[in-house]
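Q: Dock chain B against the given chain A, drawing on the hints supplied.
Number of protein chains: 2
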Amino acid sequence: MEVNEALNIVQPQLTKERFAHTERVVEQAQILADQNGVDQKKAAVAAALHDYAKERPLRELRYWITHSTLPKDLLTFHHELWHGPVGAQLISSEHGVTCPDIQSAVYYHTTGKPHMSRLDMIVYVSDFIEPGRAFPGVQDIRDVSRTDLLKAAWMISSHTIQYLLNKQSRIYPETMYTYNDLTLKVQQRKQANSI
Amino acid sequence: MEVNEALNIVQPQLTKERFAHTERVVEQAQILADQNGVDQKKAAVAAALHDYAKERPLRELRYWITHSTLPKDLLTFHHELWHGPVGAQLISSEHGVTCPDIQSAVYYHTTGKPHMSRLDMIVYVSDFIEPGRAFPGVQDIRDVSRTDLLKAAWMISSHTIQYLLNKQSRIYPETMYTYNDLTLKVQQRKQANSI
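Residue numbers (our numbering), protein chains in the order written: chain A, 2 to 196; chain B, 2 to 196.
Hint data in this document are derived by calculation from the structure and do not stem from the laboratory.
All the pointers check out, no bait thrown in.
Heads up, the list lumps identical chains together, so a pair's fine if it works in one copy or across two of them.
Simulated crosslink set (BS3-like; lysine-lysine; CA at most 25 Å straight-line):
hint, residue 1, residue 2
1, Lys186, Lys73
2, Lys191, Lys114
3, Lys186, Lys168
4, Lys73, Lys114
5, Lys17, Lys42
6, Lys152, Lys114
7, Lys43, Lys114
8, Lys191, Lys168
9, Lys114, Lys42
10, Lys168, Lys114
11, Lys152, Lys43
12, Lys152, Lys191
Pulled out of the complex, with its shape left as it was, chain A reads as follows:
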């Protein structure tokens, strides 16, 4: 699948504003792919499709989680977490996108997961730092992402847990496992570099 094809698939699914966000995520993902030795086209297609299910009605997202192999505990957490896993299924069932690397990047772009591939990290990071984002702290992560994809992903996972604590919200286990995994990897790399 070409990037333009992916964008054409996704455009009718999204508001103008979210489609503009998606286009910025695609551009950001292409930059990070180039910097990190990842297939640019694959990264761009995954980025294009990451919010495919974002504007489906909640009842439809709930239906797909209920009537699929997706983990049911998603339903007891914030619905913001639903569109990634459902999107990974819908790009396959509605458009035949069965590439597991792309499906994984779409599935985990909100929570992350332990042992993310570089492609997973590129979509996770690009969604967070694309130029339209203006969270407190995002510029630091943007700066780090220019030279260190792993550390940028780790900063995002920590930022996400901090955000949930501030909101007094529960933490989805996958979000914490992601933070723990990235914390360990950043520490191990630091130790390896200091030997």
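A: Using the frame of chain A, we list chain B on its own:
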């Protein structure tokens, strides 16, 4: 077992400073037990025994985790997490304390767990707020504990995750499950009270 007997068991295991801490936790636990309809003697005994294994050498704690049914993932996390679970075993094997309520309170006094009993919460909270503690934010939790044990426990679980994020340390899963469980319970109670 009487409180004095528990204190006599524990005194030779601890430095003077930590034994003084233990005595303050016992007093705090008695106050919270009285306020929350929990057997004062049981709370005092559990509080007396909570740090029973705290000053065992790390190699001994590691040995007990390795050669028991305790979860092995403890060994991949900070050793501060080891003395509760090992202590719960040692008070049984070395002193015949097999009361599951007391063992649970000792086991989980550092991490908490989902669905803590009131006794579990009393030891978890007392350890954190006894008058010798001077963490930032501890006075707020002390104030809340006077009328609301559940909310005090929830504040501690949130504080603990915040502390780990600030240290850039991993979060033991049980610590996060505790926070999630208490967050849900505090929210559900608030909703029930507003109906």
